[in-house]
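**Q** The residues making up each chain are set out below.
Number of protein chains: 2
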Amino acid sequence: MVVSPLAPKKTANLPPVPGARLAAMAAGINYQDRKDLSVIVFDAPAFVAGVFTRSKCASAPVDWCRENISAGRARAVVVNAGNANAFTGVKGKIATETTAKSAAEAIGCAPQEVFLASTGVIGEPLEAAKFSDKLEQLFDRAVEDNWSDMAGAIMTTDTFAKLSTANVKIDGKVFTVNGIAKGSGMIAPDMATMLAFIVTDAPVASVCLQSVLSAHVGESFNSITVDSDTSTSDTVLVFATGNKNTSGIDEIVDLEDPRLAGFGAVLAVVMRDLAMQIVRDGEGITKLIEINVKGARTDNAARIIAKSIANSPLVKTAIAGEDANWGRIVMAVGKAGEEADRDKLAIWFGDVRVAVDGERDPDYSEEAASDEVKKQEVKITVDIGLGQGKARVWGCDLTHEYIAINADYRS
Amino acid sequence: MVVSPLAPKKTANLPPVPGARLAAMAAGINYQDRKDLSVIVFDAPAFVAGVFTRSKCASAPVDWCRENISAGRARAVVVNAGNANAFTGVKGKIATETTAKSAAEAIGCAPQEVFLASTGVIGEPLEAAKFSDKLEQLFDRAVEDNWSDMAGAIMTTDTFAKLSTANVKIDGKVFTVNGIAKGSGMIAPDMATMLAFIVTDAPVASVCLQSVLSAHVGESFNSITVDSDTSTSDTVLVFATGNKNTSGIDEIVDLEDPRLAGFGAVLAVVMRDLAMQIVRDGEGITKLIEINVKGARTDNAARIIAKSIANSPLVKTAIAGEDANWGRIVMAVGKAGEEADRDKLAIWFGDVRVAVDGERDPDYSEEAASDEVKKQEVKITVDIGLGQGKARVWGCDLTHEYIAINADYRS
Numbered sequence: 006m007v008v009s010p011l012a013p014k015k016t017a018n019l020p021p022v023p024g025a026r027l028a029a030m031a032a033g034i035n036y037q038d039r040k041d042l043s044v045i046v047f048d049a050p051a052f053v054a055g056v057f058t059r060s061k062c063a064s065a066p067v068d069w070c071r072e073n074i075s076a077g078r079a080r081a082v083v084v085n086a087g088n089a090n091a092f093t094g095v096k097g098k099i100a101t102e103t104t105a106k107s108a109a110e111a112i113g114c115a116p117q118e119v120f121l122a123s124t125g126v127i128g129e130p131l132e133a134a135k136f137s138d139k140l141e142q143l144f145d146r147a148v149e150d151n152w153s154d155m156a157g158a159i160m161t162t163d164t165f166a167k168l169s170t171a172n173v174k175i176d177g178k179v180f181t182v183n184g185i186a187k188g189s190g191m192i193a194p195d196m197a198t199m200l201a202f203i204v205t206d207a208p209v210a211s212v213c214l215q216s217v218l219s220a221h222v223g224e225s226f227n228s229i230t231v232d233s234d235t236s237t238s239d240t241v242l243v244f245a246t247g248n249k250n251t252s253g254i255d256e257i258v259d260l261e262d263p264r265l266a267g268f269g270a271v272l273a274v275v276m277r278d279l280a281m282q283i284v285r286d287g288e289g290i291t292k293l294i295e296i297n298v299k300g301a302r303t304d305n306a307a308r309i310i311a312k313s314i315a316n317s318p319l320v321k322t323a324i325a326g327e328d329a330n331w332g333r334i335v336m337a338v339g340k341a342g343e344e345a346d347r348d349k350l351a352i353w354f355g356d357v358r359v360a361v362d363g364e365r366d367p368d369y370s371e372e373a374a375s376d377e378v379k380k381q382e383v384k385i386t387v388d389i390g391l392g393q394g395k396a397r398v399w400g401c402d403l404t405h406e407y408i409a410i411n412a413d414y415r416s
Numbered sequence: 006m007v008v009s010p011l012a013p014k015k016t017a018n019l020p021p022v023p024g025a026r027l028a029a030m031a032a033g034i035n036y037q038d039r040k041d042l043s044v045i046v047f048d049a050p051a052f053v054a055g056v057f058t059r060s061k062c063a064s065a066p067v068d069w070c071r072e073n074i075s076a077g078r079a080r081a082v083v084v085n086a087g088n089a090n091a092f093t094g095v096k097g098k099i100a101t102e103t104t105a106k107s108a109a110e111a112i113g114c115a116p117q118e119v120f121l122a123s124t125g126v127i128g129e130p131l132e133a134a135k136f137s138d139k140l141e142q143l144f145d146r147a148v149e150d151n152w153s154d155m156a157g158a159i160m161t162t163d164t165f166a167k168l169s170t171a172n173v174k175i176d177g178k179v180f181t182v183n184g185i186a187k188g189s190g191m192i193a194p195d196m197a198t199m200l201a202f203i204v205t206d207a208p209v210a211s212v213c214l215q216s217v218l219s220a221h222v223g224e225s226f227n228s229i230t231v232d233s234d235t236s237t238s239d240t241v242l243v244f245a246t247g248n249k250n251t252s253g254i255d256e257i258v259d260l261e262d263p264r265l266a267g268f269g270a271v272l273a274v275v276m277r278d279l280a281m282q283i284v285r286d287g288e289g290i291t292k293l294i295e296i297n298v299k300g301a302r303t304d305n306a307a308r309i310i311a312k313s314i315a316n317s318p319l320v321k322t323a324i325a326g327e328d329a330n331w332g333r334i335v336m337a338v339g340k341a342g343e344e345a346d347r348d349k350l351a352i353w354f355g356d357v358r359v360a361v362d363g364e365r366d367p368d369y370s371e372e373a374a375s376d377e378v379k380k381q382e383v384k385i386t387v388d389i390g391l392g393q394g395k396a397r398v399w400g401c402d403l404t405h406e407y408i409a410i411n412a413d414y415r416s
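Chains as they are written, first to last, in this note's numbering: chain A, 6 to 416; chain B, 6 to 416.
In case anyone wonders, no lab produced these hints; they're calculated from the structure. A portion of the hints provided could be inaccurate.
You can't tell identical chains apart in this list, so a pair holds if it fits in one copy or across any two.
Stated by the list, open to error - Using 25 Å as the maximum straight-line C-alpha spacing, the simulated SDA-like pairs for lysine to any residue come out as follows:
{"id": "1", "residue 1": "K98", "residue 2": "E377"}
{"id": "2", "residue 1": "K15", "residue 2": "A273"}
{"id": "3", "residue 1": "K395", "residue 2": "G342"}
{"id": "4", "residue 1": "K135", "residue 2": "I99"}
{"id": "5", "residue 1": "K135", "residue 2": "A115"}
{"id": "6", "residue 1": "K249", "residue 2": "V361"}
{"id": "7", "residue 1": "K379", "residue 2": "E406"}
The following block holds chain A by itself, in its conformation from the complex (with noise of 0.2 Å):
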């Protein structure tokens, strides 16, 4: 497999998060030779948040998380690759019910604090007996410093493991939020993502925790797209091991708190790292595309105009092919169906001013538009020339090279 040429130059290196610990295995779920399931176990009940695919065909494991998120205290999570448990019924029902209730009695706690998350073929049932009876030596083996394990784990059709780490003070003392995260196809998150797993030593409440993670996910994963497909897999969890005792500080429970913006706003960071993470290892990616909308009547105006050019097969062929191919933009603004004036638009390729005015620009150059589609990382801007709403994406070009993966993905 040929790393994505859009990867990060580096990898992070994930510190341990007290009270969390990691460990994945080889289960033979679907793939052979290599790590397939994982699991996080937590030493004291987490507090936990999350979002998920607006898909109305959602997965088992979205269903059970969905049910049991409310109660706000998470003991484990245990994620496999190669099967999404998607379609599979009530088969899939009690998959989950099998998974959640192994991994409890390993750990000592109830099913409801167990959370899944399951991600491959969609419609194939997934034989939880094969794999439920290792969780409890997988839980023995788990360890504090494991992160990257299970970033490589939780794969399918990406390129290199997805991790992040940022520290936030809080009351003068320093806490760790890490992520991870997988994703390459079938990527275009719907007020979620794809899998993503934070986990903060910071002592902050559930209630409080999911407005902070509900309040970015929009900027982060909602604003990338791979090809306009949107999963029935996509999760995101976030995780706080703090409290009084292990932290020293007083808990982040009120939603007033002022300390929860800055809390916010790492977790934000690491969010978004993790999406740009996605979106660089989309499926057959040779370019980053990152769209800027301005003066749309409104930011979801603009968000939509965005999308439809992000999603556009015209203009992700035309980036492929390096040709400042800038009416596709057109034509994508005009069929988004938010309010545009074609003579008020103006379009940019990095700095180079394409289109201005509803016609080419004055001073249009072939040679300068064709200089920035020829970047690895392509700018485009788009000013709708209506309002203030302003929204930025980011997508990647379409490739034979993802014909070549998806046109038989399943053998």
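Chain A is fixed; fit chain B onto it per the hints.
**A** Here is chain B on its own, set in the frame of chain A:
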């Protein structure tokens, strides 16, 4: 250029429509050594109706047609290929005025009776002066028996000319309905279509023409998609050359006229035939995909779900790879945003049911499903299981050839 493997085995042979003459020539607008300028001229004012793109960035000729269609009278159509005259600002507007004025002078009519269409690159100024002086000789040369010549001259990335004809009997007299169309990429018509021109000698007044055209565009042109990208130039124009004198029967001028439904039904056949020829010439197509959705809450919900499947890059690449990956159909149903209940869903490839009641069919056979997707025409049926809403759309697979065509379209 290789002709699409899905091209019709036989090209329709269009008879003359009395009162309509056609001509085409090589005007060097963008292509070398091929006809790219064509006209239809009506000996007497014809009735006319049209539907156009809903793009917010519609082309200058679309603006021109919209302004003039309500008068309901046409003396000519002028079409150029190679340049869409879209996003060309004031220059584009002047180009339409210049073209219409030159044509009107040559014929001896008002510019407003001249309808225009342009197709090709977006954003490049169209120099009407380069061909407007050639219009007079083109009109002089126009003859009734020349449909295939014009069908060829309106092509861009099309690999075959698209022609259709049918007869309609009204009051015991037989009339002709002839249609030509172009389109291969940037095809996801929205209440309109790519370029299509339909001419009949039946005496049907403009208001009645518009009524049956609008009634049938949903099930024909608006039910196809090649790449989810909606053009700035989509235009369907229908002309009727007949009147009481030429036809010997009373004109259809009343929407309640019982003869209108019969005419509309035949018009619908021609529209559907042309729409199918466009999708059969989808850029890079190796498989035609017919998607039937039933059991949705409403017909509109069914259409949105069907389009979500037809436009999913992951569904399209799976079909290209002859992989019966029905999990991706579940994904596309789930992301469509319309009501769906995972546990009531059923899915078929051809007559082979692969999923039912929210999981893989108990009698699932990979071989049987595989045989269905190996066919050149793949049929997918989805039963949502909630209501009576149904829809049918046609799409095509997503192949290496689509990428190759579009990665460097302009050079």
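**Q** None of the hints should be skipped; say for each whether it holds.
**A** Here is what the structure says about each hint:
Taking the closest pair of Cα atoms, K98 and E377 never come within 25 Å of each other, the shortest separation being 50 Å inside a single copy and 30 Å across copies. Within a single copy, K15 and A273 get their C-alpha atoms as close as 20 Å, which meets the 25 Å cut-off; across copies the closest is 60 Å, which misses it. Taking the closest pair of Cα atoms, K395 and G342 come within 25 Å of each other both inside a single copy (16 Å) and across two copies (24 Å). For a Cα distance limit of 25 Å, the shortest separation of K135 from I99 inside one copy, 13 Å, qualifies, whereas the shortest one across copies, 72 Å, does not.
Taking identical chains as interchangeable, the C-alpha atoms of K135 and A115 lie at most 25 Å apart only when both belong to the same chain, with a minimum of 22 Å there against 79 Å between chains. Neither within a single protomer nor between protomers do K249 and V361 lie at most 25 Å apart by alpha-carbon distance, with minima of 57 Å and 51 Å respectively. Taking CA atoms no more than 25 Å apart as the test, K379 paired with E406 passes in both settings, with 18 Å inside one copy and 22 Å between copies.
Of the numbered hints given earlier, the model fails hints 1, 6; all others are met.
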